[in-house]
Amino acid sequence: MIGHHSFFRAVFWPRLAHNRFAVAGAIVVALMLAAALLAPLIVRFGPYELNAWAVLEPPSLKHWFGTDDLGRDVFSRIIYGARISLLVGFAAAGIGVLIGTILGLVAGFYGGWIDNILMRVVDIMFCFPTFFLILAVITFLRPSIWYIMIVIGLTGWMGVARLVRAETLSIREMDYIMAARCIGCSDRRIIFRHILPNAVSPALVAVTLGISGAILTESALSFLGIGVQPPTPSWGNILTSGKDYIEFAWWLSLFPGGAIFITVLSYNLLGEGIRDALDPRLNR
Amino acid sequence: MARYLLKRILMLIPLMVGITLITFSVVHLAPGEPVEMQMAMNPKVGKEARERLRKYYGLDKPLHEQYFTWVGKLARLDLGRSFSTDNRPVKDKITERLPITLSLNIIALVLEFGLAIPIGILAATHRDTWLDKGITVFVFVGFAVPTFWLALLLMYLFGVKLNWLPISGLHTLGSDGYGVMRYIVDMARHLCMPILVASFGSLAGLSRYMRSSMLNVIGQDYITTARAKGLSERVVIYKHALRNALLPLITQAGLAIPGLIGGSVIFETIYSIPGMGQLFYQAVMSRDYPVVMGIVIIGALLTLIGNLVADVCYALADPRIREGRGAQ
Chain C
1 MIGHHSFFRA
11 VFWPRLAHNR
21 FAVAGAIVVA
31 LMLAAALLAP
41 LIVRFGPYEL
51 NAWAVLEPPS
61 LKHWFGTDDL
71 GRDVFSRIIY
81 GARISLLVGF
91 AAAGIGVLIG
101 TILGLVAGFY
111 GGWIDNILMR
121 VVDIMFCFPT
131 FFLILAVITF
141 LRPSIWYIMI
151 VIGLTGWMGV
161 ARLVRAETLS
171 IREMDYIMAA
181 RCIGCSDRRI
191 IFRHILPNAV
201 SPALVAVTLG
211 ISGAILTESA
221 LSFLGIGVQP
231 PTPSWGNILT
241 SGKDYIEFAW
251 WLSLFPGGAI
261 FITVLSYNLL
271 GEGIRDALDP
281 RLNR
Chain A
1 MARYLLKRIL
11 MLIPLMVGIT
21 LITFSVVHLA
31 PGEPVEMQMA
41 MNPKVGKEAR
51 ERLRKYYGLD
61 KPLHEQYFTW
71 VGKLARLDLG
81 RSFSTDNRPV
91 KDKITERLPI
101 TLSLNIIALV
111 LEFGLAIPIG
121 ILAATHRDTW
131 LDKGITVFVF
141 VGFAVPTFWL
151 ALLLMYLFGV
161 KLNWLPISGL
171 HTLGSDGYGV
181 MRYIVDMARH
191 LCMPILVASF
201 GSLAGLSRYM
211 RSSMLNVIGQ
221 DYITTARAKG
231 LSERVVIYKH
241 ALRNALLPLI
251 TQAGLAIPGL
261 IGGSVIFETI
271 YSIPGMGQLF
281 YQAVMSRDYP
291 VVMGIVIIGA
301 LLTLIGNLVA
311 DVCYALADPR
321 IREGRGAQ
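Heads up: the sequence lines are chains C and A, in that order.
Numbering of the first sequence is given in the working numbering, commencing with residue 1 and proceeding in unit increments.
Numbering of the second sequence is given in the working numbering, commencing with residue 1 and proceeding in unit increments.
So here's chain A without its partners, still in its complex pose (with noise of 0.2 Å):
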């Protein structure tokens, strides 16, 4: 298992050679130097803020210099400052913002794989029944609803219409006085609606993948075996099929991550969540270069981390990983 570790985390140096790579070219290779665009995209920026940019980036150093000390900045965490008035750096920016939108994806994922284990595996045992066929033209409908417009039907029926839920922001103005059963309550009204759409993106995609693998696991000789012998299909579907028909979903979950994240610039912007997908939104708008590169770059570690811990669990489920004798 040890041996395992280190090399899954040896393999992610290239991977974060890479990922620096990629968002410095996208900098650097923009038609313009990124100062002059930020001069002509917002007038507001004086020439202070400028010069601070030059500085950050040492645009006047040849592009490997640059590109080195830019590196050892980010490894001290050193993000820059902000670009708007407050001239905050950009990691306390981010900081104070990651928590909400960690844990809303936490708690959407958690949403997620709640439904669509249950929902696959109902399809793959009653197969080719209408169950299987409502549950098929619920996964393409999942598939082909974008999700902002989603957030605005629910927001016209449980806000506007039924007047049920709160549609933005996370408190009710004045909530500060509330008792604690009371601001937990709100809140969680507050959420309801932003957990929903975030859970749905991937929702259809999981439920189907979910189905296959249940299939794929039903279809195998252990399975005849276990029937053989006369087990009831209860135990052989939950005892026997369900472990191993999980197991991929393990790398399913690292893999819905970036998605989750990226999602979260929609669903924060429309119901008005302080997260870091709102920030991105603003920062995009109001072109503050050190904030969009910051969570950019921050957003591709968690996309990291997440795929670690996903194999890393993945490894710790499946003793043939962990062991090293390869998996199937």
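If we strip away everything but chain C, and leave its shape as in the complex, we get (with noise of 0.2 Å):
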């Protein structure tokens, strides 16, 4: 068995950079990330910027992504929007991640009746459909992006717990365990100094994919009027207008959603390939 970081070095970071989707995903997610910090230098046009006069204007030089019903330039929309987005989609993913590797470990490490209620809690989760859970939730509240990122969060984390806990199940019982508890390790130590980065590489593919996930979930929302509430840009809202004007404006449909589409595919790509590089099996 070798070390942690030399695993990272010698195994993981060759196998991930051999691998031209999970590559090209990275440049990608980087890409946007950029475009979302650096937006008021890349845009021409502000995205509250009104403009009577290029109301629903086809895209041209000077409006790429052309202008919505308002005379808003969609370019500088969708890069805002990729702000919002992409806010939404690390937090939610990593609260789901947090509760799920959390629980998970929990489950995993003291089994008997907490296990047992743990994994039940989860196949009750399992049974909602989930999006009509967060609209519940989020017709008691009141739409707010911080609503929006908790919420997803609160219902994306059960995959996670049982990919952690099925995992700690067998590292549980490995020699090393039982040689730290020899030596008179407290249970908290075990489980976060020597299981969880053992545990962690499940967690860390659940992170990537779940950015895309909470990405879709949050555009969704916003579509249909429960997420994010406009002048704010975000991708799923300027859809909205694109369902609305979509006998006369093609590309207020085409754009945003081909942000969300090259997004989630993005992390998609990455989060496999992370996957892959992990994988024991693939050892050579």
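Keep in mind that a hint or two might mislead.
Claimed, not checked - FRET-style restraints, in silico, Cβ to Cβ:
| hint | chain 1 | residue 1 | chain 2 | residue 2 | range |
| --- | --- | --- | --- | --- | --- |
| 1 | A | Lys-7 | C | Ala-179 | 35 to 43 Å |
| 2 | A | Pro-62 | C | Val-55 | 54 to 62 Å |
| 3 | A | Asp-128 | C | Asn-198 | 28 to 36 Å |
| 4 | A | Leu-316 | C | Leu-56 | 55 to 63 Å |
| 5 | A | Ala-75 | C | Ala-179 | 36 to 44 Å |
| 6 | A | Arg-234 | C | Ala-179 | 51 to 59 Å |
| 7 | C | Gly-94 | A | Asp-176 | 49 to 57 Å |
| 8 | C | Leu-56 | A | Gly-177 | 50 to 58 Å |
| 9 | C | Glu-173 | A | Ser-25 | 32 to 40 Å |
| 10 | A | Thr-172 | C | Leu-56 | 41 to 49 Å |
| 11 | A | Ser-25 | C | Gln-229 | 19 to 27 Å |
| 12 | A | Leu-301 | C | Tyr-48 | 43 to 51 Å |
| 13 | A | Ser-212 | C | Asn-51 | 46 to 54 Å |
Unchecked claim - In silico contact screen, one side only, chain A against chain C (beta carbon under 8 Å); selected entries:
| hint | residue |
| --- | --- |
| 14 | Gly-18 |
| 15 | Gly-179 |
| 16 | Val-236 |
| 17 | Ile-261 |
| 18 | Val-296 |
What the hints contain is simulated information worked out from the structure, not anything from laboratory work.
For every residue, glycine included, the Cβ atom is placed at its ideal position computed from N, Cα and C.
Please assemble the complex out of the two chains, which come individually in their own frames, going by the hints.
This is how it looks when you write it as structure tokens:
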């Protein structure tokens, strides 16, 4: 068995760098992050800049992605929308994976009735059509991006919990855990210092795939008018006006949807690449 | 079999309790009483509705008492009355829309499996060829396309540009006067896009699952044996391998249900189909809490029933489970 640090340097990175799809995904992810952070330097028009003389203009050299029903530049709104969509994606996936990892570790480590109860909660949560549950909760709260992050996170931890639990169950039986117990380590220390680093790989993949899932959910919510509220731009709510003007302005539908598609695809490719690079069965 | 069935049905009880607990806490853990929120968000609802909500949930009583009265009402299928101006029982509103959503989803599920199984077999039997790679690309694209975007693009292409298909509703206006055949064709034309969009959602995942399930079976010893005794590849794949590869797909059908039901909100809203998803969306937008909670509960129960049916089918198909010897 090789140590953690050298595994990443000797096996993980070379493998990931060898996977063309994963590299392409990583590059798009990086570009997208840079565009979101540097938004004011990239766009020529403000995302809130109204122009009554340029309503619903098709794409041109001036407005690359055309303009919307209020004469706002769609390119600019998509770049600023990336801030919102990525923020929600990161935060929601982070919350989901954090909850899932902790519960998975606890369930797998202690076993018995704790495990039983936690896994039944997972079963119950899997029974709800997630989208219904999210919509219902948002109905009781006010639509705001903070609630959306939390609610998407709270409904997206179950898969991670199962994976981390399974991993923990097998690690728990290893000799080095017994050794740690013999020298008097506390449960907390064993869980977080000895089990977590070795059970973390499913969580790493889950974060990447969770981001794309959360971006999809957020955009669907915003599209339905229950997510990010206009005038704040998000990819989903630009598509709402795309639907309203579908007969006159195809660019209002094509570009924001394309942004979601490319982003989600990149995170998925990167996530799959990470999974393959971590897979011990592919060891050569 | 009877013992398995009984065990499986008994297992539903804790799940059902859990579902009601979570739904109940959604109503109650939200900041502010639901009645207060209701007033703030929808001033149209008068004092009378507020009283009714108070009475239905028994909000002035202690929490555990509230829960038990509410569950008691649920058991009698009393979901309260809608806040909207028609003031009808939630149960009636849901049951009149449920058949549309259910039949759409069942058609979508059948279509999904009808496409995913051959795609998965093709990819597995042509492993690492261009065909397999092409299918992998399709799978990745399928995972990443937001269904509502796909719905919009189809609407633009087939509805607006080519003008082949109607873009909303179930019938053309005045279709009541059509003959039977024409009526059915008209409805089928309206349903083409919604069903395509509904089934696209998990087609990619399912194809991929079928591929790996098939590859898993092909790698087993009995397939090598079948090949070694000189059976044609056709017989090996379609008679020996396929049956076992299909087994785990039964479970997948059960797992696909919550996604389908949840997705109905999106495609029913976009294509203006008067089903449960549209009702849910309208209820969410007008803060019609009894309808929202009613549909959440019904959605979870449908998922439970779907999973039960899937498990029973699995047991029927796999004697190892039926006779309690444990699978795999």
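*List in ascending order the numbers of the hints, as given earlier, that are violated by the structure.*
Failing hints, ascending: 5, 8, 10, 15, 16.
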